[in-house]
Amino acid sequence: LLFVSEPEEIQAEEGMDVLLKYMKPQNTNISMWKWAKVHLDGQQYLWFYSDGRLYPYQSGQFRGRVRPADPQMRLGNLSIILSNTTVNDTGIYNVVIKLSTEPGNQTIQRHLVNVTIVPTGHMGGGAKCGVDIFFLKVILLPLGIVLVVIVIKTLLKKNKTFCVREQLRPSPVPVLLTGLTLT
1 LLFVSEPEEI QAEEGMDVLL KYMKPQNTNI SMWKWAKVHL DGQQYLWFYS DGRLYPYQSG
61 QFRGRVRPAD PQMRLGNLSI ILSNTTVNDT GIYNVVIKLS TEPGNQTIQR HLVNVTIVPT
121 GHMGGGAKCG VDIFFLKVIL LPLGIVLVVI VIKTLLKKNK TFCVREQLRP SPVPVLLTGL
181 TLT
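Using full-length UniProt numbering, the first residue of the sequence shown is number 1, and each one after it goes up by one.
Don't take each hint at face value.
Once the Cα atoms are required to be at most 25 angstroms apart in a straight line, the calculated BS3-like pairs of lysine-lysine come out as [as the list claims (entries may be wrong)]: (1) K98 / K157; (2) K21 / K34; (3) K153 / K34; (4) K24 / K34; (5) K98 / K153.
Keep in mind that the hints were calculated from the coordinates and are not lab data.
The structure displayed is predicted, hence computed values, not measured ones.
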C-alpha cells in the first residue's frame, strides 16, 4: 500500500534553519526512510536510513547542513533540520518511509513539504507601497482598535449625560387660574 499526505507549506528567510517534520505512525516498524529534494535530475538526498543503519548519502548541496531533529528518533520523530538555508533550497522535499505492522505486511508512506526560501527581509511578501506589513499589523491595527474604543466610550458618556440632564430638568406644570381677574 502507498499513502501520500497533503503537502505541507514552509516559508523561511535565507540563513534560517528549516524543520522538515514527520512522525511515524505508532505501532509500526521502520525498515527504511529517506528525505530527499525532488529535482529535475532525480532526487538529491538529505538523509537515508535503512535496516537500522544511517547511510551518508547526502548530495553535495546539503552536506554538513542536515541533522536529525531528534537523533534518538524517540516516539517515531523522523524530522530533520536543514540549516543555513539559501534561495537554492527552495523546492519540494519528500520523506518516503517503508513501514511494517506485522511480518510480510509493508506499507509505504510519502509526505511532501513545499519549502520556499526568500531573501533576507522579504518574509511575508516584504514591503508593499513603502509600508512594512509588520508595522501595519503590530502598530496600526492595535492603535486603531484603541481609538475606536475611546470614541465609543466618549459617545456613550455624552449620551448618558444628556439622559441625566433630561431627567433633572423640571417639566412645565400647568397653572390653573380660576377666579382671578387681572387689572
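Hints, one by one, checked against the model:
Only pairs whose Cα atoms come within 25 angstroms are accepted, and K98 paired with K157 is rejected, the gap being roughly 69 angstroms. About 13 angstroms separates the Cα atoms of K21 and K34, which keeps this hinted pair within 25 angstroms; it holds. Under the criterion of a C-alpha separation no larger than 25 angstroms, the hint pairing K153 with K34 is inconsistent with the structure, at around 60 angstroms. For the suggested pair K24 and K34, the alpha carbons sit about 12 angstroms apart, so the restraint of at most 25 angstroms is met.
Simply put, K98 and K153 have alpha-carbon atoms about 63 angstroms apart, too far for the 25 angstroms limit, and the pair is violated.
Figure legend: structure checked against the earlier numbered hints; hints not met, in rising order: 1, 3 and 5.
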